[in-house]
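Those protein sequence lines, which keep their order, are chains H and L.
Numbered by this note's numbering, the letters in the first sequence go through residues 1 to 1142 in order.
Numbered by this note's numbering, the letters in the second sequence go through residues 1143 to 1339 in order.
Note that these hints are calculated values from the structure, not bench results.
All figures in this text were calculated on a predicted structure; none of them were measured in a lab.
Heads up, the beta-carbon is just placed ideally off N, CA and C, and yes, glycines get one too.
Some hints could be false.
[Claimed, not checked] Short derived list, chain H residues pointing at chain L, Cβ under 8 Å: (1) L18; (2) R60; (3) F61; (4) E166; (5) T639; (6) E641; (7) G642.
[As the list claims (entries may be wrong)] Computed spacing ranges between beta-carbons, pair by pair: (8) L:R1278 / H:R172: 35 to 43 Å; (9) L:E1247 / H:S32: 27 to 35 Å; (10) H:A224 / L:S1227: 43 to 51 Å; (11) H:R56 / L:T1150: 46 to 54 Å; (12) H:F316 / L:G1215: 57 to 65 Å; (13) L:R1235 / H:G183: 49 to 57 Å; (14) L:P1327 / H:T567: 38 to 46 Å; (15) H:R56 / L:R1278: 45 to 53 Å; (16) L:R1235 / H:A224: 53 to 61 Å; (17) H:G319 / L:D1333: 53 to 61 Å; (18) H:P534 / L:T1150: 36 to 44 Å; (19) L:T1150 / H:G568: 52 to 60 Å.
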Amino acid sequence: MGSGAESDRGTPEGCLDLASLDALAAGVSPGSRAAEHLSACDRCRGMLEEMRGANRFLQRFASGGPDGRTAPPADGGTIRVRGYEVSGMLAFGGQGAVYRAVQSGTGRPVAIKVPLGDAMRRPSTRYRFQREIELTARLDHPGIVRVIGPCELTDGRLGCVMEFIEGEPFDRWADARRAEGRGAIRGIVQAAAQIADAIAFAHQRAILHRDIKPSNVVVTAGGAPHILDFGLAKSLDESAHSFATLTGAFVGTLSYSAPEQVSGGAHAIDMRTDVYALGLLLYQALTGRLPHDADAPTAEILRQIRELAPPRPSSFAPGVGNELDAVLLKALAKEPDRRYASAAEMRDDLRAWLDGRAVRARFDSRWYVLRKTLRRHRWAALLAGAGLVTVTTMATLGLIVREQSVRARLADAVRDARVLESHWVRLADARSTAIDNLEAGEHAAWDALLDPDPVLLGNAIEGIGAVDAPKPAYWALWEIYQRTPLVFTVPVPGRRFSGFDTATGEVIVGLPDRAVFQWWDPSSDRLLREVGAPELARARGLGVSPDSVWGLVIGDAGPPTLVNLRTGLRSAMGDETALAAALWNDRAVVLVKSHDRDYDAVLWDTSADLPAQLARYPISSFAFNAVFDASGEYLAVTTEEGRIIIADARSGETLYSRTPDYLPRFVAAHSRGVPGEFLFYGAERIAQIQMPDPEAGFAGAKPRSGFLEGVRALMPSRGTDRYIAVTDRGRIGVGDKKAPITEGTFLPAISASNVIVSDDGRFVCASVRPSTRTAVLSLEGEGARRLPFPAPITTSGYATVFDVEFSPDGRSLLAGAMDGSVRAFDVLTASPIGPPHQSLARGVSVIRAAGGTTFLGTHDMGLADAEIIRLDDGGPRTLISGKRWICGLEVEPGVAAWALTGRGELVKLNPESGELLAQVQLERHAEAWTRAFARVPELGILLAGPAGAGIVLLDERTLEECGPSVPAAALRHIAVSPADPTLVATAGDDGMVRLWRLRPGPPATLSPISQLGAHAGGVFGVAFSPDGRLLATGGGTPESKDIRLWDIHQTRELAALDLFEMGVFDLAFSPDGRWLAAGGEVRLDHPEEGGQLFLIDLQAPDRCLAGNLEYHIARFAAEHGREPSQAGALRRWAERARGEGQ
Amino acid sequence: MFSDRTTTALLNGLHDPANHQAWGELDARCRPIMIGVARRIGLTEAEAEDAVQATMIAFLEAYREGKYQRERGRLSAFLITILRSRAIDARRRAVNRRETAAPVEAVERFSQDEVGRFWLDERQSQLFRHAMSELREDGADEQMLAAFELFGIRGVSIGEVTGLLGMTRDEVYNAKYRITKRLQPIVARLDDLYEDI
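Please work from the sequences and hints to get the whole structure.
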């Protein structure tokens, strides 16, 4: 628009600015000055007419939106979510859209919130959003809209499923109450008190809202308010940020922001921020306006929020009164310290107002308190006054004593309340800080590593700080590498084509700008060699044959060029311009528009350096898609109009030809690496055909799901069962060749092109955006390797892994399972050592490796007695039997073995002979399965937690109780820190992870220190790292099956890994702290796969980063003129990491 | 698949049974609209696909048998009639197969006029999507498109859009009017192409 361009050069003197013109074009009446100007200025009048015309035009797209203000987004306002029937959009705003839906199985009405933009495609944001949903799903309060859980849309986006509440926004509801007049204020305050109660409830669980505003509070027809989006505001904000190109700009609801929010600094946000927003909500509800001018320019709004003292609400609504004035002005104080310290305090004051009691906000006025008390108890006061004289003398003495007592109790209560309150404040702060740090570090590091902008890189590297200490950025990196396994980047800018040399594992990069092929070593980030290829300068496509011998370059015009990548010899293939081509080891097919203007497929023999034509057949219309199957026997071509030709790839003989039926059409052919198989993608369906009978596949074509957004290419990993799908949006999907074609998972959201999968299936090489660099991504997944734990060796049950134990030298891992087998694995190669130990007829519940000997505790599975077995060179030997099941076992070679049994007994025996040395009955009714048993050798204390008996402290020599037992219900695990024997961790069915301090006494005592947080379900596995710095916990139920890592010193969660389907049973750190082993349940749908057993490399990120460290340091130095301040420490750390990796 | 052939040209091409291209283009034009309509009257994804598939086939057969005559009504009206009845059939089949608990009446309650209004809405969406994708292909600035969509179409407030996109207010206003100006001729052309649909 020409007028718009003019405005770029500045508004001419006296002319109306764009905002004014836009308002006028939208129908706002011009003021006198504007009207006067318009009558005199042709330019402004012209612009206004033009803008009115534009608005009329836009009206046809913008009208009919769900709330009358907005229109559905360009996707038509519909989404698809598995398990739900979406019926339409409820609302749309800056943060995303809310849809109404019904849960398919239950018919339950729900609302689904889908954040705006692409932020949720980032693994970090997606993960955090999911975690936030899981956290807030635990908020069960009638005033909070219940979050049911996360959901995934069929296009891969993440949404949040919530309880559907029918009602209207709080402001609209309040407007209606005010219009009714009588009783309006009381009704509004009652609702506000309920909202405050709900906020207080969440605050007590360390969850802040951060975006309380009228549209986030829905009031039902019955007048009950419900708060929306609790705990999600931050994730949603980030989602809104995804539209932004400038980070750091204020995003949110400006008018409902607290001074500390608009002043910047997430660290300043705490419970009192929500109190402020609640104050605004109530202020607006009572007066119909905000305390600041919400229509002012942004800068002015910001200034008013920061500086302008809010006018008394009673000045706008006289019925409000002084008490509510005081409540609101306290809630809206500019300094958080002067506000209510919690929503609970504000709620109490609102209730006090409703009850006619004194409000705390006015406690500074003693006269006010007295007056209020007297007014409330005016009859009692009168009577008291009448009798006052007669009883004064007696009462004075009594009152003094009573007052002292009340004061003392009050002081205690206040102190307790403050302690409690500060605890929650600290917790909320810590949680918020942890999330912010992770986020900041993660983003900086991710950006730096993908696209090493020196400043970002500097931030990331500098942020790592002392590498020996766990700093947020370090853990952010840990997170990144676990979830976004970028292992290598080729530092080559510009347009390029990438491939793998399958013979050597090197990365081949074709650079059109420089007309060369380069070979890179991904393990060292080094350029190995390069070969000139002038054809690349005009290339628009590059293919590499499966054996990496041939490269095929397709240009904008002219024939394709075949390049021998070993010798550099090049040959033109014919003289016709290629539309597309496909390459096999000794053959190639080129689709051409022939000289007689028809379209042909030409099959070439490429076994010699000079390619020879084998066959030529017509394809009748434009085609850009040809593919060989995985055996090289068949060749498929699809034309734009949907014609499909399958030919013998050796002779060119047409085997099958499908004339496009009118429906459905299939226009893209792919092979995912299964011999004889082709996949044909249409707009709605996917046909999976198997030669030599293609018709059956077309007849059984399936509706598209999974890779719904359209598949640009499929690539098999020839050495594995994996295949890679690259979608139209550049996302990389990973599928299993044996699985249905519509199943698969996506790698983290990277816009990728030129994607090649390595022969061993471990890596994907891709050009990634926005970095415009070639990256090699590991497909190993989550940084964890699943160890093969095959089918049960007995029929007694599933092979669920009960216990994992590293050998003392850390080189092997032992895993005992419910089928009675014990298997050993080599840790470095993650491969089994020898056959499984199969001599046991029942489940292995405990394994202990001590002094070169392995001890097993068994579980009788209800079939026979349990045993403690000693495995040494002489084979298995039963030390003791008849104990129902062995819950816990501790062994000191040559001294004793201690075991807790399923009958609630604690036994001590000779570890060589099995002689029973002592026995004590702790709990007669201990029938529940528990593993709560630990030994603290340094203190000579045993900690046992048989079901129902709490934690019992015993002298390990005498088995006598050496201190008072500690109540603890349904314990599942006890662990003692190897670095600090007085530090004990417990966990159980309530999902809470607790830390305790053990004092030897006498008497010994176990006192609670802190709670680390909760898994949603019970916790079965708990393990300390050897240095005592980390605690790993594993959820034992499908609701909470993740493994979490906690920083003991900072008492905060560092990371969570979701590897298991059903639950974790046991965790163990290797003695060197590098590996974490986790064993658990079988997959319900695949019990034949056996128990799940993972080995997690905790130092993988160290080695990955170390590989690129010098490059990053050099970039930093080039930009800053110096090395990063931590360069020395980083190098030492990298060296150590590399050394350990070898 | 999208071509510059008018509906008339495409319909003329349908008389030739071998002209799959014409059929494909018409299908590409009508199918998304019909899927959207079918979803809006409450059909599940699978039901909608079935109904639309049946509608297209029925239309093609009817057209080739000469049952549809353009002078007697718009193509869209003809398709809407078929679609509504096929949608009811699809729901009935789903009920018979016990695939859904939703009754047939839930679809039947939508009158021809209501379905027609949904059609117009979906047509608008389709035109808008096409026009926007053309702008994108034409190299329009993504940030300006985002500002246009948020401010001009979705009604997000100017303050929110400036915050979201890191643009000044003037830039957002400019985006709205510049993109609109570029969009108008594209939509006009598409309107012509979508004649009768």
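Evaluated hints:
1. L18: Holds, about 4 Å.
2. R60: holds, 6 Å
3. F61: holds, 5 Å
4. E166: Violated, about 19 Å.
5. T639: violated, 10 Å
6. E641: holds, 5 Å
7. G642: At about 7 Å, which falls below the 8 Å cut-off, the nearest Cβ of chain L leaves the hint on G642 of chain H intact, so it holds.
8. L:R1278 / H:R172: 35 to 43 Å: holds, 38 Å
9. L:E1247 / H:S32: 27 to 35 Å: With a Cβ separation near 59 Å, E1247 of chain L and S32 of chain H fall outside 27 to 35 Å, so the hint is violated.
10. H:A224 / L:S1227: 43 to 51 Å: holds, 44 Å
11. H:R56 / L:T1150: 46 to 54 Å: violated, 28 Å
12. H:F316 / L:G1215: 57 to 65 Å: holds, 59 Å
13. L:R1235 / H:G183: 49 to 57 Å: holds, 55 Å
14. L:P1327 / H:T567: 38 to 46 Å: Distance hint for P1327 of chain L, T567 of chain H is violated at roughly 55 Å.
15. H:R56 / L:R1278: 45 to 53 Å: violated, 24 Å
16. L:R1235 / H:A224: 53 to 61 Å: violated, 42 Å
17. H:G319 / L:D1333: 53 to 61 Å: holds, 56 Å
18. H:P534 / L:T1150: 36 to 44 Å: violated, 50 Å
19. L:T1150 / H:G568: 52 to 60 Å: holds, 57 Å
Of the numbered hints listed earlier, those contradicted by the structure are 4, 5, 9, 11, 14, 15, 16 and 18.
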